[in-house]
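S.K.: Residue-level listing of the chains:
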Amino acid sequence: MKINISEIIRIALIFLFAIFILLPLIWALASAFKSNNRIMADTIPLSWKTFIPAPFRLDAFKDLAESNFGKSILLTVFVGLLTVFLGILLNSIAAFSFAIFNFPGKNILFAIVIITFLVPFEAIAIPLYIIVRELGWLNTIYALIVPAIPNGLTILLFRQFFLGIPNDLKDAAIIDGAGWFRVYWQIYLPLAKPAAISAGLLLFFSQWKAFFWPLLATQSENLRMVQVWIAYSTTTEYSLIWNKILASSVITAIIPIILIFPLQKYFIRGISTSGLKG
Amino acid sequence: MKLNSLRGYKDIVGTINHVPTISISRKIIPYLFLLPALSGLFFFRFFPIIVNFYGSLYRSSYSSQGETSIFTGLSNYIDLFYDPTFWNSLKVTFKLNLFLNPIQITMALIIALLIRKNTLFNRISRTLFLLPLGIAIAISSSIWRILLDQNYGLINGILEFLSIPRQPFLTSSNQAIWCIVLVAAWCGISYLMIFFLVGLQEIPNELYESAKIDGSNNWNSFWKITLPLLKRTILFVTVLDTSSNFLLFVPIFMLTKGGPNMSTDTLMYQNYSSAFIYSDFRRALTISSVILIILLIVVFFEFKMLGKEDQ
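Chains as they are written, first to last, in my numbering: chain A, 225 to 502; chain B, 1488 to 1798.
Calculated from the structure, these hints are not laboratory results.
Be a bit skeptical, because a hint or two may be false.
DSS-like cross-link-like pairs, simulated, lysine-lysine; straight-line CA separation at most 27 Å [unchecked claim]: (1) A:Lys-330 <-> B:Lys-1718; (2) B:Lys-1582 <-> B:Lys-1718; (3) B:Lys-1514 <-> B:Lys-1604; (4) B:Lys-1711 <-> B:Lys-1791; (5) B:Lys-1514 <-> A:Lys-330; (6) B:Lys-1604 <-> B:Lys-1718.
Facing chain A, from chain B, some residues (calculated, C-beta under 10 Å) [stated by the list, open to error]: (7) Leu-1620; (8) Ser-1628; (9) Leu-1634; (10) Gln-1662; (11) Ser-1731.
These numbers were taken from a predicted model, which means no experiment stands behind them.
Backbone N, C-alpha and C define an ideal beta-carbon position, used for all residues, glycine too.
Between the sequences and the hints, there should be enough to build the whole structure, so can you do that?
M.R.: Here it is as C-alpha cells:
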C-alpha cells in the first residue's frame, strides 16, 4: 500500500490549525461548567481536567439567570429584529428604484451608497455620536436602531438580485395597471427571498455583535446590548468571576452559530457578493 | 412556482394592447422609493464625514454663556503634529498592521487551500474553522483575556507543560502588542477564509488536471495556477483586512486599554480616549480625520490596483 506523504502533511497541518482555532473554544466551553476555583486550579498544571468539567457545575448559569443578562439578550433580539425588518423594507425599496428606473442624479446617489459602504463604521463613530447627541437620542433605543437601518451593503445585495429578475414580469403587471409599489411589493420582494435571508442575517449579526457603537451611545444599564453587558461584567463588578464571563460568552455565541449553520449558504453568499462579485 | 404562475399571468394580460400613461408621479416615484434609505445613509453615514472634517477646524471655548466654537483652521492638526502621543499611536497602528495583516491573510489562504476539495473530511473541517465567525470580537477578546492571564491562563498552562517559564503577556510592554496580534488574528481568520474558499472554487478543476498530466506537482501548480488566478481575491482581501485592522479597537479596549506604557495605544484607541476619557472632542475629530484620510489613500491605491486587473 502506498502512503501518500503530502496527504499526511495536509492532515497534520489542518490538525495544527484546528488546535489553534478550537482550543480556546473548547476550554471556554468546559470552563463555563466549572466552579470558579476549579477553572484556575485545573489550568496550571495542565491535565485532562483542563478541558473536561469534572465535577460538572451549573453555578455560572444559575448566577446569570438571576442577573439581568436575560433582559440584555431580549433587548438585543428586539433591536436586531426591528433592524432586520425595517432594514430589509427600506433598503430593498431603494434597491428596487436603482434597479428599475432611470432618473436624473442616479449615478451621484449610487455613488453615495458606494462611499458609505466603503467607509468603515468605526471611522465615523465619533462624529455620529455628536449628531445623535444633537438629536437628543443618546441613551435611547433610537440611537441603537435608527442609524443601523440604512445599509449600503443591503442595498447592493438587493439591487444585484433585482437586476436578475426578467423585465417582462414587471412590464406585464404594469400593463395590467398595477402601480409601482404593487410591482415591488407583490412581485419583486417575494422573489428576492434569498437576498432577504442574506441581508437579514447580516443585519441581525451586525446588531448582535455590535460593541463600539452601543458602548458610545448608551450608558444606562437598561440599554446594555449583550456584548456591552459582557464587557462591563468582565471589567468591573464581576472582575474575577471567570465562569460567569465564559457562561455568558457561550450563550451569546450559540445563537449566531445556530443561525449560521442551517443558513450557511446564504451567509457566505451574502458576504461574498458584498465586494468580490459586485 | 411563483415565477411560472406570473408568466402565465403575463400571457393573459400581454395580449391587451394597453400603453400605461406616463404622468408626473412616474418622475417622482424613483425618488420617493429612495428617500427613506438614502436620507438615512446621507444623514448617518455621509454627513458624519462632513461633520468630522468641519468640526476638526474649530476649537471650543467655555464661558458663562456655555460652549462657543471658534474657527481656528488647521491648528488642531498642528497641535497633533507636535504631540508625541499621536506619533506613538501612529507608529503602534502601523506596526500592528505590518505584522497582523500578512499573518492573517497567509493563514487564511493556507487553511482555505488545505480544505479546498469538497470531501466529507474537508466539509467537517470547514464547519469547524468557521466557528469563530459566530463569536463576536468582544466575546473572543474576553475569552482571550482569561487565556492570557499571567497566573491562571491556559497559555501559561501549556507553556509550563512544555517546561517553558510563564510569561507576563498583557502586562508586559514588550509582549502586549504581540498578544493583540494573536487575538486579532484568531478573530479574523474565518472571515477572510470564506473569500479564499469562494475564490478557489472559481478556478476550474481541469486546469489542475491538465497540469498534472503535464507532470506538474502540487507545489508548481500552486505558483503557476492558483496564485495568479487568485490575485484579484488576494487584493480584495488585503483591502478589506487593512481597512478593518486599521480601525481595530475592541481587543485593545478589552485587553490592554492602550497600555502598558502606551505600547498598544493605536490611533483608534487614542480617538476613543480623547473623546470619552479626556472629553476632548476636537482632538478626537482631528484624529478621526487623519484616520479617514489614511484610509481613503489606502482604498484609492487598492482600487487602482484592482482596476488594472480588470483591463
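S.K.: So, for every hint listed, does it hold in this structure?
M.R.: Hint-by-hint comparison with the structure:
1. A:Lys-330 <-> B:Lys-1718: 32 Å, violated
2. B:Lys-1582 <-> B:Lys-1718: Cα-Cα ~25 Å, so holds.
3. B:Lys-1514 <-> B:Lys-1604: Given that 27 Å is the threshold and the Cα spacing comes to 52 Å, the pair is violated.
4. B:Lys-1711 <-> B:Lys-1791: 24 Å, holds
5. B:Lys-1514 <-> A:Lys-330: 12 Å, holds
6. B:Lys-1604 <-> B:Lys-1718: Roughly 20 Å separates the two Cα atoms, so the pair holds.
7. Leu-1620: Holds - the Cβ of B:Leu-1620 comes within 10 Å of chain A, reaching about 7 Å at its closest.
8. Ser-1628: Holds, about 8 Å.
9. Leu-1634: Hint on B:Leu-1634: holds, closest Cβ of chain A at ~6 Å, below 10 Å.
10. Gln-1662: At 18 Å from the nearest chain A Cβ, B:Gln-1662 fails the 10 Å test, so the hint is violated.
11. Ser-1731: OK, holds: B:Ser-1731 within 10 Å of chain A, min 6 Å.
Checked against the numbered hints listed earlier, the structure breaks hints 1, 3 and 10; every other hint is satisfied.
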